[in-house]
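K.L.:
Each chain is listed here by its residues.
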Amino acid sequence: MKKKRKKISLLFFLIIYIFLAPEYENNSIKFSPVRVVNALKPVKGEADKDSLIPFRLGQVFGYFDRNGKASIVDNVFYNIAQNKHYFINYTAVTENLVVNKNDGRFVSNIKTSGYPFFIKERLFVISANSKMISEWSIEGENIFSYENESEIISSDANTDTFIAGFIDGTVIVSDKDKKIEKLMKPELSRINAVYGLAISGDSELLAMITGIDPQYMIIMKKKHNQYSRIYTYQFSNNLRSSRYITFSDDDRYLFFESENIFYCYDFISKNLVSTPLEGRITAIHFIPESGFSAVKTENQAGQSYFYLIYPDSRIMYKKKIESDNVYMNSSDGRFYFGTGSYIYTLDMLDD
Amino acid sequence: MKKYFVILLLLITTSALFPLQWPVEKWVLQSTFGENRGNHYHTGIGIGGGEQKVLSVADGEIVYYQEENAFSSLPSELGNFIIIEHERELRTTYANLKKDSLEKNSIKVKSGDKIALIGDSGASSGPNLHFEVVDLELNEIVNPLMLLPPAGDRTKPSIKEVFIEMAGTKEEIKLLNRNNIKAGKYDFSAVIYDTSEYVDYFCQLAPYKINVYINGEEAAVISYNSIKKDDKSLVLSSNMKKVSDYYKNTLNSWHVYLGQFDISAGVVRVEIAASDFAGNEAAKEFLLISQK
Numbered sequence: 012m013k014k015k016r017k018k019i020s021l022l023f024f025l026i027i028y029i030f031l032a033p034e035y036e037n038n039s040i041k042f043s044p045v046r047v048v049n050a051l052k053p054v055k056g057e058a059d060k061d062s063l064i065p066f067r068l069g070q071v072f073g074y075f076d077r078n079g080k081a082s083i084v085d086n087v088f089y090n091i092a093q094n095k096h097y098f099i100n101y102t103a104v105t106e107n108l109v110v111n112k113n114d115g116r117f118v119s120n121i122k123t124s125g126y127p128f129f130i131k132e133r134l135f136v137i138s139a140n141s142k143m144i145s146e147w148s149i150e151g152e153n154i155f156s157y158e159n160e161s162e163i164i165s166s167d168a169n170t171d172t173f174i175a176g177f178i179d180g181t182v183i184v185s186d187k188d189k190k191i192e193k194l195m196k197p198e199l200s201r202i203n204a205v206y207g208l209a210i211s212g213d214s215e216l217l218a219m220i221t222g223i224d225p226q227y228m229i230i231m232k233k234k235h236n237q238y239s240r241i242y243t244y245q246f247s248n249n250l251r252s253s254r255y256i257t258f259s260d261d262d263r264y265l266f267f268e269s270e271n272i273f274y275c276y277d278f279i280s281k282n283l284v285s286t287p288l289e290g291r292i293t294a295i296h297f298i299p300e301s302g303f304s305a306v307k308t309e310n311q312a313g314q315s316y317f318y319l320i321y322p323d324s325r326i327m328y329k330k331k332i333e334s335d336n337v338y339m340n341s342s343d344g345r346f347y348f349g350t351g352s353y354i355y356t357l358d359m360l361d362d
Numbered sequence: 044m045k046k047y048f049v050i051l052l053l054l055i056t057t058s059a060l061f062p063l064q065w066p067v068e069k070w071v072l073q074s075t076f077g078e079n080r081g082n083h084y085h086t087g088i089g090i091g092g093g094e095q096k097v098l099s100v101a102d103g104e105i106v107y108y109q110e111e112n113a114f115s116s117l118p119s120e121l122g123n124f125i126i127i128e129h130e131r132e133l134r135t136t137y138a139n140l141k142k143d144s145l146e147k148n149s150i151k152v153k154s155g156d157k158i159a160l161i162g163d164s165g166a167s168s169g170p171n172l173h174f175e176v177v178d179l180e181l182n183e184i185v186n187p188l189m190l191l192p193p194a195g196d197r198t199k200p201s202i203k204e205v206f207i208e209m210a211g212t213k214e215e216i217k218l219l220n221r222n223n224i225k226a227g228k229y230d231f232s233a234v235i236y237d238t239s240e241y242v243d244y245f246c247q248l249a250p251y252k253i254n255v256y257i258n259g260e261e262a263a264v265i266s267y268n269s270i271k272k273d274d275k276s277l278v279l280s281s282n283m284k285k286v287s288d289y290y291k292n293t294l295n296s297w298h299v300y301l302g303q304f305d306i307s308a309g310v311v312r313v314e315i316a317a318s319d320f321a322g323n324e325a326a327k328e329f330l331l332i333s334q335k
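So the sequence lines, in the order shown, correspond to chains A and B.
So the working numbering is basically just the index in the first sequence, starting at one, shifted up by 11.
So the working numbering is basically just the index in the second sequence, starting at one, shifted up by 43.
Just chain A, same shape as in the assembly (with noise of 0.2 Å):
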């Protein structure tokens, strides 16, 4: 990806701007809010709704367009899944599933059970017990199920492939096709779960943070058919709950997480880099216009830090932050970040 240097800019609520005053990384960027959403109040008047953002600050979420004006403001039942287009706000005892649009209107009832995720535009349920996964269309029609005798723990999707892997190490590979084929247990270490995976956009790249004594970072690369691992990390202590891990946009990155770690690995450089940060990783999201990641952490005093970090490991940007409730996502180069009740907008913009 060409090298981007960025600027965002505009000045626009200035309280909101002393709230975010920047500690500079780097002197040559300038970082300032434009615009504030408060979630619980939103602009009144009719959305924009061909540039519907969703959003989840808490036990509230909806849908609210560049300038603001919200399309619909409600409050989470038990959890939500929610892409651009569509929300499933769902209780904790689940006997089906409400698909609504992102403006509210109904679309579908899907009759299952379980708790619904979407990865992109598909969307997944996970039965009750943790050990089937199941994959559905807005309208209701089951597309495929697998169920296995352990139970997953990570998962990642692209438009034609779907990964899962599971707490005995297997991971299942399911094609355009819809058609399930169980991939590999890595077996590479005493205990071989698979904490996180990741396919890359054309599904010629998958990645995984597997086992336990060691725990591996591991790339695989797809070669007539098959994915052979091209690259190994080990790491120096073993995690035993799920991993972030997951490719940018274009597959330059693969980006992950380890505890107090943000790493990056560079697939043109081949070079792969960490960041240390103040507390456990609790939120990452990729602006793909900049290639900034920004990411939450939270340390064990309970203190919060927002971070923006280059590609190359070096942070371009630290605040603390007081709000538990942490929202991040970018669309159509703004990145909107938000906490307590409110969302901050950021333009960014070329030099």
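These are computed hints drawn from the structure, not numbers from a lab.
For each residue, glycine too, the CB sits at the ideal point set by N, CA and C.
Any given hint could turn out to be false.
Heads up, simulated BS3-like pairs for lysine-lysine below, C-alpha to C-alpha not over 25 Å straight-line [to be verified]:
| id | chain 1 | residue 1 | chain 2 | residue 2 |
| --- | --- | --- | --- | --- |
| 1 | A | LYS122 | B | LYS284 |
| 2 | B | LYS199 | B | LYS217 |
| 3 | A | LYS190 | B | LYS271 |
Calculated from the model, a selection of chain B residues having no Cβ within reach of chain A, i.e. all distances over 10 Å [unchecked claim]:
| id | residue |
| --- | --- |
| 4 | TRP65 |
| 5 | GLU68 |
| 6 | ILE202 |
Following the hints, put chain B in place on chain A, whose structure we already have.
P.N.:
Positioned in the frame of chain A, the structure of chain B alone reads:
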């Protein structure tokens, strides 16, 4: 002194007989293995008894923990949960745990160590521990009651209704004591459930075993010992049926498929028996007078 020696001997014998100890000190069985959960079998047992410590059932190592709605975790109705691997190729899951109670830094655990508190996270409607056991050698999810010391129970299962349906037709006949039918192949099904004496509300549970006898000969045994993988679905190991083929109708139905049997011309005596894990048994007998 002799008395203490006997108690000690009894304790040693009991622990040798049962590979696992109960994951709580005071247990109330609220749901059992193999129950119908709509799109899947209940793959564990549900234990009530109010908020209390959750204990590791054997020596082992925590291999996974998940906190409800945690960043980077998939959503799960198990809520807060812990998975432990033990010797003897066993893996146990403890779910619906109380928020912030997980002892996630205690990686190596001893039998009886506190690992969390019972909670109501995930899809639990009240304080409840969902407990599961996987046999890693057999690759099967096993009924935890087979490995735990006896829970004790005095209530019999209930056999409510028995139905037959001639193969190829969709005409279901509810069996009476005497029934006149045509000879042929019939699919048998029945509404069967167990109840618990430990809860003060009407609580239906799956039985442990169902037997079908035809003219005194055992024609089918469905036991709720284990669940395993078959192609893309989990099936009850004893009859290889997936949940949608075993339970007729949907969620909360106790109407189970018993099998297809050949009823020849003449008088045929059919007995359906159901027992729970404590050995309490119920049975019902029917006469089929069949003609060619």
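K.L.:
All hints are to be evaluated individually against the structure, with a verdict given for each.
P.N.:
Results for each hint:
{"no.": "1", "hint": "A:LYS122 - B:LYS284", "in the structure": "21 Å, holds"}
{"no.": "2", "hint": "B:LYS199 - B:LYS217", "in the structure": "22 Å, holds"}
{"no.": "3", "hint": "A:LYS190 - B:LYS271", "in the structure": "21 Å, holds"}
{"no.": "4", "hint": "TRP65", "in the structure": "21 Å, holds"}
{"no.": "5", "hint": "GLU68", "in the structure": "25 Å, holds"}
{"no.": "6", "hint": "ILE202", "in the structure": "27 Å, holds"}
Checked against the numbered hints given earlier, the structure satisfies every one of them.
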